Amino acid sequence: MKTEKSNLFTTGAFAALCDTTKETLRHYNNIGILKPEKIGDNGYQYYSPTQFFDFYLITSLKRAGSPLSDIKRYMEHPDAGDFLRLLYKQQQNLFHEKMMLERMEQLIRQSIDSIELALSDKPIFEQPEIIFCEEEYFIVIEAPAIGGSSEADYIDCLTAHVHYCMQNDIGAEFRINSIVLKEDFLKGKYQPNYFCSKIAKPVTSDRLFVKPKGCYVSILYKGSTDVSPAYEKLREYITQNNFTVCGNAYEYELAGFLSTGDRKDYFCKVHIQINRQPYAMPSF
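So the sequence shown is numbered by our numbering: it starts at 1025 and just counts up by one.
The hints are simulated quantities; they were obtained by calculation from the structure and are not laboratory data. Since the model is a prediction, treat every value here as computed from it, not as a measurement. Some clues are possibly wrong.
To be verified - Below are the EDC-like pairs computed for lysine to aspartate or glutamate, each with C-alpha atoms no more than 16 Å apart in a straight line:
#1 1237 / 1250
#2 1211 / 1256
#3 1225 / 1208
#4 1206 / 1256
#5 1096 / 1078
#6 1222 / 1193
#7 1086 / 1121
#8 1246 / 1140
#9 1222 / 1180
#10 1059 / 1078
#11 1222 / 1159
#12 1257 / 1177
#13 1213 / 1250
#14 1246 / 1256
#15 1225 / 1160
#16 1222 / 1277
#17 1293 / 1140
#18 1237 / 1158
#19 1293 / 1277
To be verified - Simulated restraints on C-beta separations:
#20 1131 / 1065: 55 to 61 Å
#21 1116 / 1265: 41 to 47 Å
#22 1177 / 1253: 20 to 26 Å
Glycine included, every Cβ here is placed at the ideal spot set by N, Cα and C.
Kindly produce the complete structure, drawing on both the sequences and the hints.
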């Protein structure tokens, strides 16, 4: 015959059901947020099956950022309106956490793809090729001026860029790319005018920069962080083939030295927009 206690769980059994510890249940009992359904004559504590859902709610709200004091206040004085506001708040917290996790996963995926490409036999470095690119979108920040800028200036600039993307919920890539404007490229100046991060679609922002679709010369580069040899190779190729430079140069970071442990193993690709009309490249 079923006794009253047979419908209840001991502390150990309830902890196993909830995938938690008896210490956690003891703490919740002490602060009054989840008390046992029944205490036997022998002092043993018992929990009812319905309390599993109470525990699950507490755990969900706690993981979403609600302090136990707020959860306790609601459970002691249930109010649908207050609870709804609490849920809305935690839904927003979970959304931001989800975005952060997606960005972290994106960073790891990008790093895996780039390093696998660098280690494979597929890439041919410093051999220009003509490609067609669809329109792309970037969030940019003006790079520190050449000369008079310290390493700290560059770090501050990149930090401000990353914070802007995160604070505005812009799902930008974590890799920091750069843009060299056409006018500087034609003058043989290859220092970045902008640092940028690629985004999947255009957003309303004064920092949006659109890379036009069209014909580009592309080159893969592997070496030190001084990428000027790759730009010179592109200039030489464009001149030899009588192409016209009609747009900016875009440098895509594929793997930094942190990926390989060697500062001489910077891995990137550079695109420069062209058309095939004859044009005399300025000489130096």
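Right, here's what the structure says about each hint:
At most 16 Å may separate the alpha-carbon atoms for a hinted pair to count; residue 1237 and residue 1250 exceed this at roughly 27 Å. Distance hint between residue 1211 and residue 1256 is fulfilled; the C-alpha atoms sit about 11 Å from each other, no more than 16 Å. Simply put, residue 1225 and residue 1208 have alpha-carbon atoms about 27 Å apart, too far for the 16 Å limit, and the pair is violated. Distance hint between residue 1206 and residue 1256 is fulfilled; the C-alpha atoms sit about 14 Å from each other, no more than 16 Å.
About 11 Å separates the Cα atoms of residue 1096 and residue 1078, which keeps this hinted pair within 16 Å; it holds. Between residue 1222 and residue 1193, the direct Cα distance comes to roughly 14 Å. Compliance with the 16 Å bound is thereby established for this hinted pair. Of the pairs offered as hints, the one joining residue 1086 and residue 1121 holds, with about 14 Å between alpha carbons and a cut-off of 16 Å not exceeded. Between residue 1246 and residue 1140, the direct Cα distance comes to roughly 14 Å. Compliance with the 16 Å bound is thereby established for this hinted pair.
In summary, the hint linking residue 1222 to residue 1180 is not supported, as the alpha carbons are separated by about 20 Å, beyond the 16 Å threshold. At most 16 Å may separate the alpha-carbon atoms for a hinted pair to count; residue 1059 and residue 1078 meet this at roughly 10 Å. For the proposed pair residue 1222 and residue 1159, the alpha carbon gap of about 11 Å is at most 16 Å, so the pair holds. Between residue 1257 and residue 1177, the direct Cα distance comes to roughly 29 Å. Violation of the 16 Å bound is thereby established for this hinted pair.
Our distance criterion of 16 Å between C-alpha atoms is met by residue 1213 and residue 1250, whose separation comes to about 12 Å. Restraint check: the Cα-Cα separation between residue 1246 and residue 1256 comes to about 14 Å, which is no more than 16 Å; the hinted pair holds. The hinted pair formed by residue 1225 and residue 1160 meets the criterion: a straight-line CA distance of about 8 Å does not exceed 16 Å. Proximity of residue 1222 to residue 1277 is assessed by CA-CA distance (about 11 Å); at most 16 Å being required, the pair is judged to hold.
About 15 Å separates the Cα atoms of residue 1293 and residue 1140, which keeps this hinted pair within 16 Å; it holds. Distance hint between residue 1237 and residue 1158 is fulfilled; the C-alpha atoms sit about 4 Å from each other, no more than 16 Å. About 7 Å separates the Cα atoms of residue 1293 and residue 1277, which keeps this hinted pair within 16 Å; it holds. The supplied range of 55 to 61 Å is met by residue 1131 and residue 1065, whose beta-carbon atoms lie about 58 Å from each other.
Between residue 1116 and residue 1265 the C-beta distance comes to about 54 Å, which lies outside the given range of 41 to 47 Å. Between residue 1177 and residue 1253 the CB atoms are about 25 Å apart, so this pair conforms to the stated range of 20 to 26 Å.
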